[in-house]
Amino acid sequence: MLRKRVLQVLGIESSCDETAAAVVAVQRADVGRSLQFGFSVSASVIASQVAMHAKTGGVVPEVAAREHVLQIIPVIERALRDAYPSWRPPKHHGKRTKSARMFAGPPIDAIAVTAGPGLITALGVGVETARALTYVWRKPLIAVNHIEGHVLSALLEQAASGKRQASSHAGPENRSASSEPAARSLSLVFPAVALIVSGGHTELLLLRRWGAYRCVGATRDDAAGEAFDKVAKLLGLEYPGGPAVARRAVEGDVQAIDFPRGMIASGDFDFSFSGMKTAVRMCVERATHPADPKFVSDVCASFQQAAVDVLVAKTITAVTKYRARTVLLGGGVAANRALREQLATALALHPDVALHLPPLAYSGDNAAMIAAAGGVRLHLGKRTPWQEIAVDPNWELGR
Amino acid sequence: MRKSDKREEWASRSEGETTRIATRMARTLRGGEAILLDGELGAGKSVFVRGLAQGLGIRARVTSPTFVLMRVYETTRTCPRFLVHVDAYRVRNAEELVAIGLMEWTGRPDSVVAIEWGERVAEIAHAATRIIRVRLTNVDAAQRMITLD
Numbered sequence: 196m197l198r199k200r201v202l203q204v205l206g207i208e209s210s211c212d213e214t215a216a217a218v219v220a221v222q223r224a225d226v227g228r229s230l231q232f233g234f235s236v237s238a239s240v241i242a243s244q245v246a247m248h249a250k251t252g253g254v255v256p257e258v259a260a261r262e263h264v265l266q267i268i269p270v271i272e273r274a275l276r277d278a279y280p281s282w283r284p285p286k287h288h289g290k291r292t293k294s295a296r297m298f299a300g301p302p303i304d305a306i307a308v309t310a311g312p313g314l315i316t317a318l319g320v321g322v323e324t325a326r327a328l329t330y331v332w333r334k335p336l337i338a339v340n341h342i343e344g345h346v347l348s349a350l351l352e353q354a355a356s357g358k359r360q361a362s363s364h365a366g367p368e369n370r371s372a373s374s375e376p377a378a379r380s381l382s383l384v385f386p387a388v389a390l391i392v393s394g395g396h397t398e399l400l401l402l403r404r405w406g407a408y409r410c411v412g413a414t415r416d417d418a419a420g421e422a423f424d425k426v427a428k429l430l431g432l433e434y435p436g437g438p439a440v441a442r443r444a445v446e447g448d449v450q451a452i453d454f455p456r457g458m459i460a461s462g463d464f465d466f467s468f469s470g471m472k473t474a475v476r477m478c479v480e481r482a483t484h485p486a487d488p489k490f491v492s493d494v495c496a497s498f499q500q501a502a503v504d505v506l507v508a509k510t511i512t513a514v515t516k517y518r519a520r521t522v523l524l525g526g527g528v529a530a531n532r533a534l535r536e537q538l539a540t541a542l543a544l545h546p547d548v549a550l551h552l553p554p555l556a557y558s559g560d561n562a563a564m565i566a567a568a569g570g571v572r573l574h575l576g577k578r579t580p581w582q583e584i585a586v587d588p589n590w591e592l593g594r
Numbered sequence: 703m704r705k706s707d708k709r710e711e712w713a714s715r716s717e718g719e720t721t722r723i724a725t726r727m728a729r730t731l732r733g734g735e736a737i738l739l740d741g742e743l744g745a746g747k748s749v750f751v752r753g754l755a756q757g758l759g760i761r762a763r764v765t766s767p768t769f770v771l772m773r774v775y776e777t778t779r780t781c782p783r784f785l786v787h788v789d790a791y792r793v794r795n796a797e798e799l800v801a802i803g804l805m806e807w808t809g810r811p812d813s814v815v816a817i818e819w820g821e822r823v824a825e826i827a828h829a830a831t832r833i834i835r836v837r838l839t840n841v842d843a844a845q846r847m848i849t850l851d
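Residue numbers (the numbering used here), protein chains in the order written: chain A, 196 to 594; chain B, 703 to 851.
Note that these hints are calculated values from the structure, not bench results.
Careful: at least some of the hints might be erroneous.
Listed next, the in silico DMTMM-like pairs over lysine to aspartate or glutamate satisfying Cα-Cα at most 20 angstroms (straight line) [to be verified]:
hint, chain 1, residue 1, chain 2, residue 2
1, A, K577, A, E591
2, A, K428, A, E446
3, A, K428, A, D465
4, A, K428, B, E742
5, A, K428, B, D812
6, A, K516, A, D465
Produce the complete structure using the sequences and hints provided.
Structure, rendered in structure tokens:
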């Protein structure tokens, strides 16, 4: 078994639009009787297909899988070279290609890969690559649930420069140095409530301890991010719709249109965004000047407010019911400023509850969160034999 | 492929009625069918599929497949045993659904495939024993006209 305090984990993510790889040092600390983890990102590389899908207005599965195949090795190599500047990937030709060198892997302790949920063809690319690498490098493999990655993304530090962090920060000598952000996550107090909102997911999860998840609520129809995308399409805004709607919402009036707050008083933690989407469509159809910039901004602002209202209200109710001490936010919609600000405002009334927001670089799909989740699992003694790992496009966390 | 000989029209005044029409239709399914659903955003395509699922005794929650493109549910019947819920909203043609393995399901005697935005990928249904076209038209905010073909 691995008894190291700090594990260097290579994370691989390819569940939808992004091909990503990252190296994260996951530090274990026993504070009194409580087990805590700190995370330090040495490298995080993301190749996105969003620009390509913008042309088609969405993901094209076959193209997506083909792009992942083309991107995945260069992305992994970039992440490893960023994390370990002295490590060189094997050369294809030349005298230096001795077999021992050919198979000498990077100084990582394990590989973590997203096995689900997601697009089946896209997931397969990451899982098969991880399987091959763990086989050749003889490292432990951990299958990670994409949602668990999003939960832990709020505990990652902000990368120094955008998507890729300065590589000088890594290296063995810095491994155990518990940096400030790591110290921050060392204070995660349970129980915690996690709100995960993205294009494919809207879930409220309860964490009683590390690795123990219970899904207490989820959407009954559309995901929140999907509603943003569809509203953007109705208004003729660009893809991806979330940032487009948020941008236009800044100039709009949040009270211009009273869109329904689906299931806000349902008494449980489930969500519904389908009715909100339909209400926007009818509102656009009835409008005399649907392309009027003022009208578009007002619809964006009012819709965004309706969505944020429901998300914040349910999260706060969950905090009260489960006496949560921590709230974690994750997923692509976690980049939405209105959601971040209003969640913080609502939690100001609960001074004993800590709020962790993901850095913008890690709110969308990335591999650092997968490496972090994999590191925690490995510290807890969980791993997946390479013979057994399988893609599970419907993998549900905590149900 | 056998062409359906009858055409039915239903007026639905609410989500509940759409669900009931779908539940009733689910009882006529024998397996091998492909159901192509069309109608604007918010017309009730997903509501209809949720009704089908209910009629087939599926207890799992039927959520939007827009993101993952395809979800497979196990029924509590001996036949059809599976309901495959597909959303073609984000795809441009049938080949892209072939790429995610939909052909493994269409026409399988133990499965029913329901495809939202089905017209744009209609050729994928050629292997089905029967093609049912469900067209949902908005009459006003709550009312829908449902045509089964």
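The hints, checked one at a time:
1. A:K577 / A:E591: 18 angstroms, holds
2. A:K428 / A:E446: Roughly 19 angstroms between the alpha carbons, so the hint for A:K428 and A:E446 holds.
3. A:K428 / A:D465: 25 angstroms, violated
4. A:K428 / B:E742: 12 angstroms, holds
5. A:K428 / B:D812: Violated, because 37 angstroms separates the two Cα atoms, which is more than 20 angstroms.
6. A:K516 / A:D465: At roughly 14 angstroms apart (the allowed maximum being 20 angstroms), A:D465 and A:K516 satisfy the hint.
Hint check: violations occur at hints 3, 5; the rest are consistent with the structure.
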